[in-house]
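Chains as they are written, first to last, in numbering that gives the first Met the number 0: chain A, 0 to 979; chain B, 0 to 423.
It is worth saying that the hints were derived from the structure and are not from the lab. Fair warning: there could be bad hints in the mix.
Here are the simulated lysine-lysine pairs, DSS-like style, with alpha carbons at most 27 angstroms apart [stated by the list, open to error]:
#1 B/Lys-288 <-> B/Lys-138
#2 A/Lys-703 <-> B/Lys-382
#3 B/Lys-287 <-> A/Lys-748
#4 B/Lys-138 <-> A/Lys-886
#5 A/Lys-843 <-> A/Lys-426
#6 B/Lys-119 <-> A/Lys-888
#7 A/Lys-890 <-> B/Lys-85
#8 A/Lys-207 <-> B/Lys-380
#9 A/Lys-888 <-> B/Lys-7
#10 A/Lys-890 <-> B/Lys-138
#11 B/Lys-119 <-> A/Lys-886
#12 B/Lys-287 <-> B/Lys-15
#13 B/Lys-120 <-> B/Lys-85
#14 A/Lys-788 <-> B/Lys-287
#15 B/Lys-2 <-> A/Lys-890
#16 B/Lys-138 <-> B/Lys-93
#17 A/Lys-426 <-> B/Lys-270
#18 A/Lys-890 <-> B/Lys-380
#19 A/Lys-799 <-> B/Lys-288
#20 B/Lys-15 <-> A/Lys-890
#21 A/Lys-788 <-> B/Lys-288
#22 B/Lys-120 <-> A/Lys-886
#23 A/Lys-748 <-> B/Lys-195
Listed below are the residues making up each chain.
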Amino acid sequence: MPIKIGIDIGSTTVKVVLLDEHNTLLYRVYARHYSKVREEAAHQLRQVAERLAGQEVVPIITGSAGLGVSDAANIAFVQEVYATAAAVNTYIPDTDAVIELGGEDAKIIFFGRTLEERMNGSCAGGTGSFIDQMATLLDVSALELDALALKHEKIYPIASRCGVFAKSDIQPLLNQGGRKEDIAASIFQAVVDQTVGGLTQGRELTGKIVFLGGPLTFLQGLRDRFVATLELDEEHAVFPENADTFAAIGAALCTEGVEAMPFEELLRRLEESAAESGLTDILPPLFADEDEVDAFRARHAKAAPDPVDAETYRGDAYLGIDAGSTTTKMVLITPDGGILYSYYGSNKGNPVTILLAELKTLYAFCGDRITIRSSAVTGYGEDLIRSAFSIDLGLVETIAHYRAARHFNPQVDFIIDIGGQDMKCFKIRNGAVDSILLNEACSSGCGSFIETFARALGHEIAEFSTLGLLDQTPTDLGSRCTVFMNSSVKQAQKEGAGVESISAGLSLSVVKNAIYKVIRAATADDLGQHIVVQGGTFLNDAVLRGFEQEIGREVTRPTIAGLMGAYGAALSAKDFTGETGHLLDASALENFTHTAKPGVCKACTNRCSLTINCFDGGRKFISGNRCSVPLGGVKGGEPNLMRYKYEKIRAMTGKGAGDGSRGRIGLPLGLNMYEILPFWYAFFTNLNFEVVLSPESTRELYQKGQRSIPSDTVCYPAKLLHGHVEHLVDMGVDSIFYPCMPYNFDEGKGDNHYNCPVVAYYPELLRVNMSRLDGVRYYDAYFGIHRPKDLEEKAAEFFKTEFGIPKQETAAAIRKAYTAYEQFRQDVRDEAAKYIAQARAEGKRILVVAGRPYHIDPEINHGLDELIGSYGLVLITEDSIDHLVDKEKRKVLNQWTYHARMYDAARYVGTQPDMQLIQLVSFGCGIDAISTDEMRDILEASGKLYTQIKIDDISNLGTVKIRIRSLIAAADALDGKEVL
Amino acid sequence: MAKLTYDKHGRLLFTKEMKKEYTLLMPQMLPVTFGLMQRLLELEGYKVEVLDTTHRGIVETGLKYVHNDTCYPALLVIGQLIEAVKSGKYDINKVGLLISQTGGGCRASNYIHLLRKALKKAGLAHIPVVSVNLSGMEKNPGFRIRLRVLRRLIPAMLYGDFLVHLGNQCRPYEVEPGATNALITRWSDRLTVMFKKNQGRSKTDMRFQMEQMAKDFAAIPLAGEKKTRVGIVGEIYVKFAPLGNNNLEDFLLSEGCEPVVPGVTDFLLFKIDNRIEDIALYGGGFWKKKLCQIFKGYIEGLQNIMIAAVKTQPKFAPLAPFSELKAGVQGYLGYGNKMGEGWLLTAEMIELIHAGVHNIVCTQPFGCLPNHVVGKGMIRKLKDDFPQSNIVSIDYDPGATKINQENRIKLMLASANRSANSAH
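So here's chain B without its partners, still in its complex pose (with noise of 0.2 angstroms):
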C-alpha cells in the first residue's frame, strides 16, 4: 500500500506514488464513450477498469451501504464500486475508485461523499477516491486532467456520440448481427491509435475521421421495414446506464423498435452554458463568462463537425444543434433551471418530437426531485402542444421491477403502433 496523506479537511489524496502502482476503478454509464476515455487514461499512465458488472449482488451491496433514500443512481454506481472492491479480484491495497462529481443543487454531487461514507463505513476508509470534474473540486497530486487530455476526451466524447448515434441507426436492421458493434470496436481501436499519436483530434482530422465513419456504417448491410423509433430521454445515468435502465435498448430491440438515445456532448454544453446564463440572470465576472464562452464556441464548434459528417450519409437521420434544443425549450422553462438534467431533459423531448420521434421513455430514479418539473411535470405540456406525442415516464428504483416497467413501456408501444396505423 502507498502511504497515505490527506489533505488539510481529512481527505485521503490519490498521490503520484499510488498512480504508478494503483487500478483506478471506474462505474459503467456510456459504454462506448467510457471504453475510449479509459483507453485515453491508460495513455496517460493510469491503470484504469470500467466495471460492467451487472448481477444484484451490485444492488444488495448498494442498499446495505448507502441511505436506502438516496436516489438509485447513487445506490448502483456505489454499490458497483463496493462490490467490486470486495470481490477479491483487486488487491485492496493497490485500489482507487473513479467517480464524476457534477456539482449543481441536486443531490447528485454529494455521490462522491457518500461513496466516502460507505467505504469507511465497509471499512475500507484507505482507499482513495478521486472526482473526476471540471469545476475544479477536489484536487490531487496524483491525478489531473491536464489540457492535453481534455483536449483528447472532449473529441473522445464526440466520436463516442457520434459512434452511438450511428449504430443506432444500423443495429435494429443489420443483416448480420453483432456487425455493427464489431464496427464500433474497430473504431475505437483505431481512434485510441490516433490519440497516441496525437492525431483525430484536429478539426479537420476529425472532420475526415467522422465522414469515414460516417461512410464505413452506412455500409453495413441493412434489410427490414423501417421499425418504429423510440426516443430515451431522462436522468443522466439511467438514461444511459444498462444497469440503471435494466437494459431498456435491448428490451426496445427486441420489441421491434429502434432506440433514439440523444448524446452526452449537449449535456457537457448545458452545464457550461448554465454559467453564462447563471451570470446573465443574477451577475458575476466577466472573465468567467468569456472563458466558458469560448470552451463552449470550441465544444459547439466539434458538434458541427459532428453534424456535417451524419449529413454526408443521407440514409442516416440528422443530428440538431444544441443551439436548436436551446430554442425550443422557450415557453417550457427557463434557463435557469440546471439542477440535474435541467431544461435539457425537455428540451431534449422537444427536438425528439420535431425529428418525428413522437415516442419517448422517459427514465428517472424513483423520486428524482428535477424531473418532477422537467420530466413529469412538462408531459402534459408537451401533449397540448404536440397531440401526436406518445411520451411514458418510468421510474426505476431497487424495488421497481422489470415486468412493472416493461408492461408501461407496452403500453406506450401499443399506442405507437395504433398511431402509425391510423397513419396509414
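With the rest of the complex left out, here is chain A (with noise of 0.2 angstroms):
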C-alpha cells in the first residue's frame, strides 16, 4: 500500500502528514509559509524525500490556500471542512461539534442527524490572523498574550464581529489604561462570541465538542475561554493530539480514488508549478526608475520646520504632545517653530508609561538653558495624559492638525491625515475647518494596517514599504477593510505575486481607501488646489507617491508628517493666552506614581465598565463613562428631546385606561415600535389588554438572543430585536403581537413612505428563526398603517378572527389610536419648540440628531446623548422639526418616511444659524448609503457642516468625541470666535 500524503496549505501555515495502510500518523509538520506557498509546501516534502525516495505515494491536497496550488500542479483537492469532518469520524466518533480556527477561517461541524457545516462569512475575523493582530496591537507575541490572558481578572466587552471592530474597542482600553492582563483574556473572549454567535446560527452548541486548528492548540487562554463560554466539564471539551493538523489528517484520509504516483513525481509537480507565476490585476508602477525616487525625496524634502541648532538654543519653549492611538508624538518647539526635540515611538498599549520616560529625558535635555512655558496635548489619549502630567491645555485633534498644517502652507485648503488607527480629512475655507471626514470603524487601511501585514509577512514595517517602489508590477488589492484585503492578499500569494508586488499593493489600496472611501473624491479637484498630507503613513514614500498619481496633483508632505499634531499643539501651547505653567516638573516626574483600576459605575441601569486612574497627588481619571455622574456631575443637565421620548415611551405600558380584562399582550420594544408604540398602546389599551413593554435593552439581552441570529451583517437593532423576543416569551405573556409593515405612516414629505427592508419583514425573520416561539401566539400578520380608512376595516378582521373582537370596538379602538399617536408626534415638536425657545435665552447651540426612531435607545446609541448634553449642547430630534418646511423634491428617490423626515430636518437646519446636525447611521444599514449623501448636500448646500455618526454594537465613544468637539469647533470658528 502506498503511503497516503495530506497537505494542507492554509492561509498562513503548510501542514503536512503521512498516514500509512492503516492510518497510523508516520509524520507530522507544521510551518508558516510566508506568502511563499507552493515553495513551503515543495519544501517540507523534501524533508521526508530520504524516506519516501523512489516509492509509491497518494497525496492529496486541502485548505484555503491549497485550491490553486492542486489546480496548477494537478494534484488532487478536497475541501478542508470536508476533510477535518472525515478525521473527526475516524478517530472521535462520538464526537457533537467541531470548532476550528485557523489562520482566517473559522468553522463549525456538527455532527448528529445531518452533518452541517458552517464557515465564517467574507466578513468576519474572529480568527488566527485575528489574533495576531489584536497581539501587534499590545506588542506581544501571540503566545505572550496567551500568557497574560491566564491573568486576567475582568473581561471587557469587544466587539466580536471583526478585526477593526474589535481594534477600534481596545485601543480606547489600552489608552485609558486599562490592563493587559484583561484586555488580553477580552480578546479571546470576542473571538469565543464571534465563533458561537456568528456560526452557530440556531442551533445549540452541545455535547462533546472537539477543538482543532493551530490557535486553539497553541493557546491555553483561548481554549479556556471556550470551555468557560460552552460550559463545558473535561469530557464534552476535547483538544486532540495533532489538533492543528487535523486537516491535513482528513484529507489523507479522504485518498480513495485518487491515483498514485512516485513521490518523485509528486515534488516534481510542486517545484514546476512553484516556477510558475500568476495572473492577477496589476497597476501601474510607483517609480520607474531610480532617478525619479530621488527627484521626489528631493522635492519633498523642502517642506521642513525652520532649522534651530537644539544643542545650544537657550531660551523658552513650548511642549506638544500628541497621544495617537498606536504611537505617542512629543515635540519642543522655539518660538519661530524651530524644533529641538520630538519623540516619535509606538506607545506599546501604555502611553503614559512611554511619556513619563520620555519627559524624563526631555527635562534632562533642557537643563537650565530652556524653560518649558506651556504644553498642550492632543489625540486619543488626550484626558488621560491631560490628568497625568497636568498639562495646560487639552484640544480636538483636527484643530491641531490644522495648525500645523498651516504652519507649513498657510494657503491650505485641504489636510488629510493617516495616522496608526484613523484617517482625517478636512476642508478648510475662509480660514476655518469647514468639513470633516474620518473613516468608519470599517475603512481601517491606515499605517497599522500595513505594518500588521508587514510582520505577517515577516518584514519590519520601515524596510517592507521600501520593497515596493521600484516594483514593476503592484499587485491590485482592491480597496476595502482589512478582513476582505486578508484575502485579496491570500488570493495574489496564491497566484504567485512577490512581497515587492504587494508592499506596493497595499500602498495602493491604503490611497485608494482613503480618496474614495473616505473622502468620496472622484476628481483632485473634489479635494482642493493646496493639498498638505501628513500622519505617519504618508512618511511612506510608496503611499505618498500613490496619492499623488492617483490624484494627479503635487502636494504638500512636511518632512516632520508624523509628528504634525503634537506641532499642532505645540504651537497653540505657544499662542495659549489662559494660565500656564501646570506641567509636572522634573522632581514631580520622580515622584509619580500610576495605577488603574478596573470599576463599574453603579449611578444608573447603563452599569458603565470603568478604568480608573490614580496618579500620586491625588490627580485621578476616570474613563469608560458615558455621562458626567461617575466624574461628579449631575445627571440630566442640558434639554434632551432623546432622553424625553425614551422615557415617554418606555412608559407606554400597563393597562392604561383599560382593565386589562383580554389578556396580556407583549410588544418587542425594538425597531420601529419606537416609533408606533404610541398607536399601538392606545389601541391594546383601549381594546382592554394589558400591554407588555419587553426590557430595557442592554448587552445581555442581546446575548441572550444572539444564538438565533442567522444573518450576522444585518444591523445591531435589528438583532436586538432577539433578545427582546425572547424575553417575553420568558415573562409568559399571553400573546406576542409584532406585525410586519412595508409602509410607514404616509406624510405626504415624501415620493414613497416605505420602511427599510429589515424594519418590514424582520417579524417574519423571528419567527421563523426563534425555536422558543413554537407554542406561543405570535403575531407578525401584515398591517397597512397608510390607509387609515382601510386598517380600521382590516384590523377589525383580523382580531375578529384572533381575538374574537366584535368589529366596532376594533375599529374604534384603530381611530383613537390614530389619535393618540398624532398627540404624541404633537407632544414631541411642543417639547421642542421648549428646548429651542431655552437654549436661545441662554445662548446655547442646539443640535439636532437626526437618525431612525429607534435610535434613542441607550443600547443603540450607547449614551451619546448624555455625552452631547456634556458639551453644554441642547439636543433635539429630527421628528420635532421636520414639520417646519414644506415639501420639495429630492435628488434621490424619497421613498422611505424616516428619510423624508431627515431630509426636511436637515433643510429646516439650514435656516437656523444656531443649529447644527449630526446624523446617526447604524452600521449595516443599506439604505442610509443613499440618505447620508444626501443629508450632506443638503446641510453643505446652506453652508452647514455635515457630521455622520455610525453606531454598531460597540460602545466605544471616543470617535464620537472628536467629531463633536470638531463639530463645535468648526462651528465656532464659522461664528468667528476664537478657536483654540
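With the hints as a guide, dock the two chains, each given alone in a separate frame, to form the complex.
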C-alpha cells in the first residue's frame, strides 16, 4: 500500500502528514509559509524525501490556499471542512460538534442527525490572524498574549464581529489604562463570541465538542474562554493531539480513488508549479527608476520646519504631545517653530509609561538652558495624559492638525492625515475647518494595517514599505477593509505575487481607500488646490507617491509628517493665553505613580465599565463613562429630547385606561416599535389588553437572543430584537404582537412612505428562526398604517378572527390609536419648541440628532445623547422639526418615511444659524448609503457642516467625541469665535 | 449633441431628436434575454448596445462614482455604464443610458438617481438616462414602450427563459462543445426575424415555436452521467449577471455540475402579484386590481404554454407554474413580503428542493437588506423542513475574493457529493 500524504495549505501555514495503510500517523509538520505557498509546500515535502525516495505515494491537497496549488500542480483536492469531518469521524466518532479556528477561517461542524458545516462569511474576523493583529496592537507575541490572558481579572466587552471593530474597542481601553491581562482575555472572549454567535446560527453547541486548528492548539487562554463560555466539562471539551494538523490528516483519509504516483513525480509537479507566475491584476508602477525616486524625495525634503541649533539654544520653549492610538508623539519648539526635541514611538499599549520616560529625558535635555513655558496635548489619549502630567491645554485633533498644516502652507485648503488607526480629512474654507471626514470603523486601511501585514509577511515596516517602490508590477488588492484585504492578499499569494508587488499594492490600496471610501472624491478638484498630507503613514514614500499619482497633483508633505499633531499642539500651547505652567516638573516626575483599576459605575442601569486611573498627589482620571455622573456631575443637565422621548415611550406599558380583561399582550420594543408604540399602546389598552413591553435593551439581552440571529451583517437594532422577543416568552405573556409593516405613516413628504426591508419583515424572520416561539401565540401579520380607513376594516377582521373582538370595537380603537399617535408627535414637537426657546434664551447651541426612531434606545446609541449634553449642547431630534418646512423634491428617490423626515429636518437646520445637525447611521444600514450623501448635499448647500456618526454594538464613544468637539470647534470658527 | 430639454423637476429628457441620433447603452444582466430585447428595441428604431465588458476597471469606476456602501449591483451597473461612456468608444454627445427601475422599498429603486449623481460627478450631466419600468415612472418623449413593443417584449422574455432552461440542461453534457450556445444564437436570430413580421407572439405561435425549440434542443447530442444539479437563486442582478457573480455558472460547470437557474418570468409575475396582494392586505382600487389580474393572467397563460412545451420532451426537467411557487412559500413568509426578491426567493428555493435540486447557492450583494430575511433568514427553517437541503449563502462585493467564494461553494459541493454517494 502506498503512503498517503495529506497537504493542508492554509492562509498562513502549511501542514504535511504521512499516513500508512492503517491510517497510523507516520510524520507530521506544521510550518508558516510567509506567503511563499508553493515553495514552502515543496520544501516541507523535501524534508521527507529520504524516507519516501522511490516509493509510490497518494498525495492530496486541502486548505484555502491549497486550491490554486492543486490546480497548478494537478494534484487531487478536497475541501478542508470536509476533510476535517472525515478525520473526526475516524478518530473521535462520538463527537457532536467541531470548532476549528485557522489563520483566517473559523468553522463549525455539527454531527448528529444531519451533518452541517459552517464557515465564517467573508466579513468575519475572530480567527488566528485576528489574534495576531491584536497581539501586534499590544506589542506582544501571540504566545505572550496567551500568558497575559491567563492572569486576567475581568473581561471587557469587545466587538466580536471583525478585527477592525475589535481594534477600535481595544485601543481606547489601552489608552485609558486598561490592564493588558484583562484586554488579552477579552480578545479571546471576543473570538469565542464571534464563533459561537456568528456560526451556530440557531443550533445549540452541546455535547462532546472537539477543538481543532492552530490557535486552539497553542493558546490555553483561548481554550479556557471556550470551555467557560460553553460550560463544558473535561469529558465534553476535547483537545485532541495533532489538533493543528487534523485537516491534513483528514485529507489523507480522503484519498480513495486518488491516483498513486512516485514520490519524485509529486515533488516535481509541486516544484514546477512553484516556478509559474500568476495572473493577478497589475497596477502601474510607482516609479520607473531610481532617478525618479531621488527627484521625488528632494522635492518633499523642502517642507521642513525652521532649522534651529537645538544643542546650544537658550530660552523659552513650548511642548506639544499627540497621544495617538498606536503611537505617542512629542515635540518641543522654539517661539519660531523650530524643533528642539522630538519623539515618535509606539505607545506599546501604555502611553503613560512611555511619556513618563520621555519627559524625564526631555528635562535632562533642557537642563537650565531651556524653559518650558506651556504645554498642550491632543489625540485619543488626551484626557488621560492631561490628568497624568497636568498639561495646560487639551485640544481636539482636527484643530491641532490644521494649526500645523497652516504653518507649512498658509494657503492650505485640504488636509489629509493618515495615522496608525484613523484617518482624518478636512477642508479649509475662509481660514476655518469647514468639512470633516473621519474614517468609519470599517474602513481602516491605515498605518497599523500595513504594519500588521508587514509583520505577517516577516518584515519590519520601514523596510517593507520601501520594497515596493521600484516594483514594476504592483498587485491590485482592491480598496476595502482589512478583513477583505486579507483574502485579497491570500489570492495574490496564491497566484504567485511576490512580496514587493504586495507591498506596493498595499500602499496603493491605502491610498484608494482614503480617496474613494473616506473622502469620496472623484477628482483632484474635489479635494483642493493646496493639499497638505501628513500622519505617520505618509512618511511611507510608496503611499505618498501613490496618492500623488492617484489624484494627479503634487502635494505638500512636511518632513515631520508623523509629528504634525504634536507640532500643532505645541503651536497652540505657544499661543495659549490662559493660565500655564502646570506641567509636572522634573522632581515631580521622580515621584510619579500610576495605578489603573477596573470598576463599574452603579449610578444608573447602564452599568458602565470604568477604568479608574490614580496618580500620585491625588490626581485621578476615570474613563469608560458615558455621562458625567461618575466624575461628580449631575444627571440630566442639558435639555435632551432623546431622553424625553425614551422615557415617554418606556412608560407606555400596563393596562392604561382599560381593565386588562383581554389578557397580556407582549410588544417587543425595538426597530419601528419605537415610532409606533403610542399607536399600539392606545389601541390595545382601549381594547382592554394589558400591554407588556420587553425590558430595556442591554448587552445581556442581546446575548440572550444572539444564537438565533441568522445573518451576522444585519444592523444591531435588528439583532437586539431576538433578545427582546425571547424575554417576552420568558415573561409568559399570552401573546406577542409584532406586525410586519412594509409601509410607514404617509406623511405626504416624499415620493412614497416605506419602511426599510429589515424593519418591514423582521417579525417573519424571528418567527422562523426562534424555536422558542413554537407554541407561542405570535402575531406577525401585515398591517397597513398608511391607509387609516382601510386599516379599521382590516384590523377589525383580524381581531375578530384571532380574538373574537366585535368589529366596531376594534375600528373605534384604531381611530383612537391614530389620535393618540398624533398627540404623541405633537407633544414631542411642543417639547422641542420649549428646548429651542430655552437654548436661545441661554445662548446655547442646538444640536439636531437625525436618525431613526430606535436610535433613542441607549443600548443602540451608547449614551451618545448624554455625551452631547456634557458639551453644553441642547439636543432635539429630526422628528420634532421636520414639519417646519414645506415639501420639496429630492435628487434621490425619497421613498422612506424616516428619510423624508431627515431631509426636511436638514433643510430646516440650514435656515437656523444656531442649529447644527449630526446624522446617526447604524452599521449595515444599506439604505443610509443613499441618505448620507443626500444629507451632506442639503447641509453643505446651506453652508452647514455635515457630521455622520456610525454606530454598532460597540460602546466606544472615542471617535464620537472627536466628531462632536470638531463640530463645535468648526461651528465656533464659522461664527468668528476664537478657536484653540 | 441634441438640444437638452428638462422636465419641471430638472430631469434631463430623452427627446425624439435624441432617438434618431443617440446610441443607448444598457448594462448586461441576462445575456440571452437581453440580447433578444436589444434586437426588439432596434426594430423600434433605437440604437441599442448591451455592454458585455467585464474587466476590473468597471469595479474601479463604480467605487469612484458610487457611495461605497451602496449595494454591489449598483456599483457594477453604474461602473459599467460610466466606464463605457469614458472609454472613448462612443461619442459622448450622442449617447444615452438605459437602466431598469423596479420601484419598491429596496434601495435598488434608487439606481437611476445614483447613476445621475454619478454622471454629474463625472462631468457628464448632459447624458440622458432613460428609465425602463412598468410602473409609469419617469416618462420620456423619445422613449416609449408602446403596447406593440410590450407584446413583443413579454414573449421575448419567456423565450429567453425557455432557451436558458433548456440550454442549461444540455450544456454540461454536450458532445460537441459550443453546440448549445450555437443553437441559442440560431433561435435568437429566428425570433428576431419573426418579431419583425409580427409573428411568434400569439399563443398558438408561441406553442408551436417552443415545441420546435424543445425538439431542437432535444436533438443536441449529449453524453455522460447525470451530474450534480446546483440551483442558483438570489438578488436578481448577482443571480443572473456573470459580472455580478464572478461567472458562477461557468465555475459550477467547471466543477462538473449542472446549474439550474430559475427564470425571470416569475420575477415579473411576482412584481405584478405584489400589487394585487397589496390591495388584499391594505385595501385599494378595484380597477387597479382588475388590471393587474388581467396582466398577470396574460403572462401566466404564456407561462403555461412554456411549461407544456417543456413537457413535450420528457428528457427535460419540467418547469413549475408561478401559482405553485406561491403556494409553496406558505408557512415561511407572507405575500406582503415584496421588497427586492421578497417571498419569491424563498419560494424558488423550496421549488428547487421539491424538484430534487437540493444543492443551492443563494447569492446576494454584501449587506443586502431584503436577503437578511428572505435568503439567509430562511435557510435554517429550510434545513429543518428538508434535512437533505444543502444551501450555501454567498456574498458578493468589490472586496470579496473569488477564492473565498469558491472555497465555500466547494464545501457545499463536497457535502452534495457525500449525500449522493451515501444515497447509492
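Hints, one by one, checked against the model:
The straight-line distance between the Cα atoms of B/Lys-288 and B/Lys-138 is roughly 23 angstroms, inside the 27 angstroms bound, and the hint therefore holds. Note on A/Lys-703 and B/Lys-382: the hinted pairing holds, with a Cα-Cα distance of about 23 angstroms set against a maximum of 27 angstroms. Straight-line distance between C-alpha atoms of B/Lys-287 and A/Lys-748 comes to about 24 angstroms, which keeps the hinted pair within the 27 angstroms bound. Taken as a hint, the B/Lys-138 and A/Lys-886 pair is honoured in the structure, with Cα atoms around 22 angstroms apart against an allowance of 27 angstroms.
With a C-alpha separation of about 26 angstroms, the suggested pairing of A/Lys-843 with A/Lys-426 holds against the 27 angstroms cut-off. For the given pair, B/Lys-119 sits about 18 angstroms from A/Lys-888 by alpha-carbon distance, which is consistent with the 27 angstroms threshold. For the hint pairing A/Lys-890 with B/Lys-85, the CA-to-CA distance comes to about 23 angstroms; that is within 27 angstroms, so the pair holds. Annotation: proposed proximity of A/Lys-207 to B/Lys-380 holds, straight-line Cα distance about 25 angstroms (limit 27 angstroms).
The straight-line distance between the Cα atoms of A/Lys-888 and B/Lys-7 is roughly 11 angstroms, inside the 27 angstroms bound, and the hint therefore holds. A hinted pair counts as satisfied when its Cα atoms are at most 27 angstroms apart, and A/Lys-890 with B/Lys-138 qualifies at roughly 16 angstroms. Proximity of B/Lys-119 to A/Lys-886 is assessed by CA-CA distance (about 24 angstroms); at most 27 angstroms being required, the pair is judged to hold. Taking the CA atoms of B/Lys-287 and B/Lys-15, the gap is near 31 angstroms; set against the 27 angstroms cutoff, the hint is violated.
Between B/Lys-120 and B/Lys-85 the alpha-carbon distance is near 13 angstroms, which keeps this suggested pair within the 27 angstroms criterion. Straight-line distance between C-alpha atoms of A/Lys-788 and B/Lys-287 comes to about 18 angstroms, which keeps the hinted pair within the 27 angstroms bound. Between B/Lys-2 and A/Lys-890, the direct Cα distance comes to roughly 22 angstroms. Compliance with the 27 angstroms bound is thereby established for this hinted pair. Of the pairs offered as hints, the one joining B/Lys-138 and B/Lys-93 holds, with about 20 angstroms between alpha carbons and a cut-off of 27 angstroms not exceeded.
Distance hint between A/Lys-426 and B/Lys-270 is unfulfilled; the C-alpha atoms sit about 46 angstroms from each other, more than 27 angstroms. Of the supplied pair hints, the one linking A/Lys-890 and B/Lys-380 is violated, its CA atoms being roughly 41 angstroms apart against a limit of 27 angstroms. For the proposed pair A/Lys-799 and B/Lys-288, the alpha carbon gap of about 26 angstroms is at most 27 angstroms, so the pair holds. With a C-alpha separation of about 25 angstroms, the suggested pairing of B/Lys-15 with A/Lys-890 holds against the 27 angstroms cut-off.
At most 27 angstroms may separate the alpha-carbon atoms for a hinted pair to count; A/Lys-788 and B/Lys-288 meet this at roughly 18 angstroms. A threshold of 27 angstroms between alpha carbons decides the hint, and for B/Lys-120 with A/Lys-886 the separation of about 26 angstroms falls inside it, so the pair holds. Of the pairs offered as hints, the one joining A/Lys-748 and B/Lys-195 is violated, with about 46 angstroms between alpha carbons and a cut-off of 27 angstroms exceeded.
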